[in-house]
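J.: Listed below are the residues making up each chain.
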Amino acid sequence: MPQLNSNEAGQLLLHSQRGSIPVRPVACFPWSEPNNYISLRNDAGMEVGFIQSATELDHSSRTALETTLRQTRFVFEVIAIENVEDEFELRTWLVKTRQGPRSFQTKLDEWPRTLETGVVMIRDLSGDLYQIKNPTAFDPASQKLVWAYME
Amino acid sequence: MSDPVSQIFDRYLDQPPTLPTEVRRRLEQACQGEIIQLYALADLDASLRLCQIWVTLTANYLAVIRVADRRVDEHIRVVPRGRLDKIIEQPGLSCTVVHLLERAEEHPFVTIRYTHRQRGAIGHLLYVLDQQLNGRTLEFTPSDERYREAIVRPIREAQASVSGNRLAIVWRLLGYLRPYRAQVALGMFGATVMTLARLLPPFFTGQVVDQVIQPFQGGTLQLAQAWPLALTLLGGLTVTLILQECAAWVRLRTMAVLGEHVARDLRTQMYDHLHKLSVSYFSSKQTGSIISRVGSDSDRIWDFIAFGVVELSLSFLLLIGLSAVLIVLDWRLGLVMTVPLPILLVLIYRNGRVMHAFFLRAWRKWSNLTDALSDVVPGIRVVKVFDQAEHEKRRFGERNDDFTDECFRIHHVWTGFWPILMLHQIQEALNRLIAGRTVVAIAHRLSTLKRATRLLVLKEGRLIEQGTHAQLLEIPNGVYRRLHDMQIQLNEVHAI
Numbered sequence: 000m001p002q003l004n005s006n007e008a009g010q011l012l013l014h015s016q017r018g019s020i021p022v023r024p025v026a027c028f029p030w031s032e033p034n035n036y037i038s039l040r041n042d043a044g045m046e047v048g049f050i051q052s053a054t055e056l057d058h059s060s061r062t063a064l065e066t067t068l069r070q071t072r073f074v075f076e077v078i079a080i081e082n083v084e085d086e087f088e089l090r091t092w093l094v095k096t097r098q099g100p101r102s103f104q105t106k107l108d109e110w111p112r113t114l115e116t117g118v119v120m121i122r123d124l125s126g127d128l129y130q131i132k133n134p135t136a137f138d139p140a141s142q143k144l145v146w147a148y149m150e
Numbered sequence: 000m001s002d003p004v005s006q007i008f009d010r011y012l013d014q015p016p017t018l019p020t021e022v023r024r025r026l027e028q029a030c031q032g033e034i035i036q037l038y039a040l041a042d043l044d045a046s047l048r049l050c051q052i053w054v055t056l057t058a059n060y061l062a063v064i065r066v067a068d069r070r071v072d073e074h075i076r077v078v079p080r081g082r083l084d085k086i087i088e089q090p091g092l093s094c095t096v097v098h099l100l101e102r103a104e105e106h107p108f109v110t111i112r113y114t115h116r117q118r119g120a121i122g123h124l125l126y127v128l129d130q131q132l133n134g135r136t137l138e139f140t141p142s143d144e145r146y147r148e149a150i151v152r153p154i155r156e157a158q159a160s161v162s163g164n165r166l167a168i169v170w171r172l173l174g175y176l177r178p179y180r181a182q183v184a185l186g187m188f189g190a191t192v193m194t195l196a197r198l199l200p201p202f203f204t205g206q207v208v209d210q211v212i213q214p215f216q217g218g219t220l221q222l223a224q225a226w227p228l229a230l231t232l233l234g235g236l237t238v239t240l241i242l243q244e245c246a247a248w249v250r251l252r253t254m255a256v257l258g259e260h261v262a263r264d265l266r267t268q269m270y271d272h273l274h275k276l277s278v279s280y281f282s283s284k285q286t287g288s289i290i291s292r293v294g295s296d297s298d299r300i301w302d303f304i305a306f307g308v309v310e311l312s313l314s315f316l317l318l319i320g321l322s323a324v325l326i327v328l329d330w331r332l333g334l335v336m337t338v339p340l341p342i343l344l345v346l347i348y349r350n351g352r353v354m355h356a357f358f359l360r361a362w363r364k365w366s367n368l369t370d371a372l373s374d375v376v377p378g379i380r381v382v383k384v385f386d387q388a389e390h391e392k393r394r395f396g397e398r399n400d401d402f403t404d405e406c407f408r409i410h411h412v413w414t415g416f417w418p419i420l421m422l423h424q425i426q427e428a429l430n431r432l433i434a435g436r437t438v439v440a441i442a443h444r445l446s447t448l449k450r451a452t453r454l455l456v457l458k459e460g461r462l463i464e465q466g467t468h469a470q471l472l473e474i475p476n477g478v479y480r481r482l483h484d485m486q487i488q489l490n491e492v493h494a495i
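Residue numbers (numbering that gives the first Met the number 0), protein chains in the order written: chain R, 0 to 150; chain W, 0 to 495.
In short, the hints are calculated from the structure, not lab data.
Positions of the beta carbon are idealized from the N, C-alpha and C atoms, including for glycine.
Do not take every clue at face value.
As the list claims (entries may be wrong) - Some chain R residues close to chain W (C-beta under 7 angstroms, calculated; not the full set):
#, residue
1, 10
2, 47
3, 48
4, 73
5, 88
Work the whole structure out from these sequences, hints included.
T.: Right, dumping it as structure tokens:
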């Protein structure tokens with residue numbers, strides 16, 4: 000079973016008989032099982048380890064893996080909408096996220112996508128992702144602003 | 000006026016347009032006075048919260064500094080560039096982590112985390128460092144533009160050249176009318192004549208009542224005199240109505256044909272422009288969306304030019320014209336009629352905002368529907384070969400129903416809500432207006448007077464009945480009651 004830990008800089012390290020090597024976790028199919036089937040790649044992109052299931056790791060290895068995955072899987076989590084403004088070719092969103100206030104733009108004909116789980120995802124012009132876990136849990140002002148854009 | 004890039008930063012981005020002066024000064028001081036050649040912003044900290052960490056390169060140093068709440072951190076991390084041995088980049092969904100490692104050192108001496116928004120600018124830095132690791136030193140002039148252009152590029156690519164200024168877009172659209180000035184002038188002339196002609200019938204009608212009917216009924220005008228006068232006035236009214244219809248025909252025909260010319264020119268220009276665009280544009284756009292732009296969107300332009308522009312201009316003209324006529328006829332009555340206009344305009348604006356949200360939803364559902372079409376129709380043979388027709392029909396049916404439901408919602412709102420709102424708002428406004436005041440109102444429509452606290456019925460100059468609406472209705476065979484019953488019956492007849 001792979002032994003993992005993180006160094007001070009948050010880099011994930013895989014311990015082996017030859018020493019510690021920095022690795023990055025890459026999710027393999029099926030993505031519907033996010034904690035299973037994780038490939039560990041070195042800086043050359045070659046697989047140097049594989050995790051069938053994160054539950055099989057010891058506690059510290061699992062913590063290190065989850066910390067790194069949190070970065071890899073990071074998306075903004077929107078908690079309130081302050082304004083949505085349409086203009087020519089662009090839609091500007093002014094939102095509060097758990098990560099801080101943010102202003103971003105999407106194309107006018109690119110709409111928020113509602114996933115099967117009910118979570119809404121928005122992709123901005125740069126490719127950053129914004130997640131709305133539960134639009135119905137928004138405050139009334141936010142709900143009024145996003146009503147036109149969501150199911 | 001600021002340059003376009005600065006305007007994009009001001010309008011859309013919540014980050015500095017350049018390296019702040021104080022930050023630059025502190026960093027260059029820490030780097031032995033070397034000029035900063037390149038810089039970028041890392042906007043996520045170790046806790047993945049938004050922050051401002053500037054990463055800079057001088058000729059010999061890499062320096063990192065954090066700015067929090069507009070205050071520059073005391074701690075500056077400065078590392079000689081020569082100590083860089085390895086760069087490890089770990090991309091993620093919205094966070095990329097880059098570790099810079101020192102020679103013979105396992106721990107990165109710098110780790111930066113940033114969103115995709117900063118990718119372009121940080122990419123410049125990483126490229127320079129990567130070239131350095133490969134033994135190549137790049138010479139370039141220090142400039143803020145590499146950072147600025149990298150950050151604004153996605154917005155520029157998504158935007159048209161006329162951006163942020165809706166008036167500029169409208170002017171540009173109206174510019175398509177320039178080759179057809181004569182037709183525009185003719186159409187506007189017809190529309191103006193039609194609008195002004197609409198103001199005349201009430202005048203003629205009033206003259207018929209004041210100069211013919213009332214004097215005749217009062218016995219001050221004989222039949223022999225009344226007839227020629229009535230015929231003259233009715234003749235004038237008829238001419239006005241004919242003129243109105245002719246002008247309407249001129250306007251409609253001219254502007255409809257003109258709109259087609261403009262739509263044709265737009266389609267041609269858009270199609271020509273499509274052929275100048277890069278391959279990458281088409282890989283990021285859906286075919287259905289492009290077809291829709293050239294086809295149906297240009298149709299909407301026809302509608303706007305043929306009818307929208309003219310209707311809007313004439314509505315204002317009518318509003319101003321009617322107000323002027325009313326004020327000239329009776330300035331007090333005119334003011335009473337025109338003062339509520341600003342309230343009306345505010346209500347129209349507010350209703351427009353409500354309707355805009357409904358139309359957005361409908362547009363979104365329409366996009367879903369056309370997506371289904373643009374997915375299936377080009378690949379219909381594959382659908383048939385793999386026997387997916389039923390699945391695709393079901394998918395289309397769901398989206399079609401979804402879109403139709405949104406349209407029903409819009410119709411429900413604008414047909415049901417708007418008249419009720421208008422009536423309600425006017426009633427509410429009147430109630431507020433008359434609250435705490437004594438109002439004397441003269442009316443022939445009894446429904447207007449139902450709320451009056453006291454009604455006085457005058458006949459031939461004499462007070463014959465008085466009381467509230469309910470009290471007057473109880474008077475058997477009373478004048479008020481007879482008038483009330485007559486109006487109810489008339490309303491029923493018109494309803495049928």
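J.: With 7 angstroms as the cut and Cβ atoms as the points, is residue 10 of chain R at the interface with chain W?
T.: Constraint on residue 10 of chain R satisfied, holds at 5 angstroms.
J.: Using 7 angstroms as the Cβ threshold, decide whether residue 88 of chain R counts as touching chain W.
T.: holds (5 angstroms)
J.: Holds or violated: is the Cβ of residue 48 of chain R closer than 7 angstroms to a Cβ in chain W?
T.: violated (15 angstroms)
J.: Does residue 47 of chain R pass the interface hint, meaning its C-beta sits closer than 7 angstroms to a C-beta of chain W?
T.: violated (14 angstroms)
J.: Checking hints one by one. Is residue 73 of chain R an interface residue toward chain W, by the C-beta closer than 7 angstroms rule?
T.: Since the shortest Cβ distance to chain W is 4 angstroms, the answer is holds.
The structure is inconsistent with the numbered hints 2 and 3, although it conforms to all the rest.
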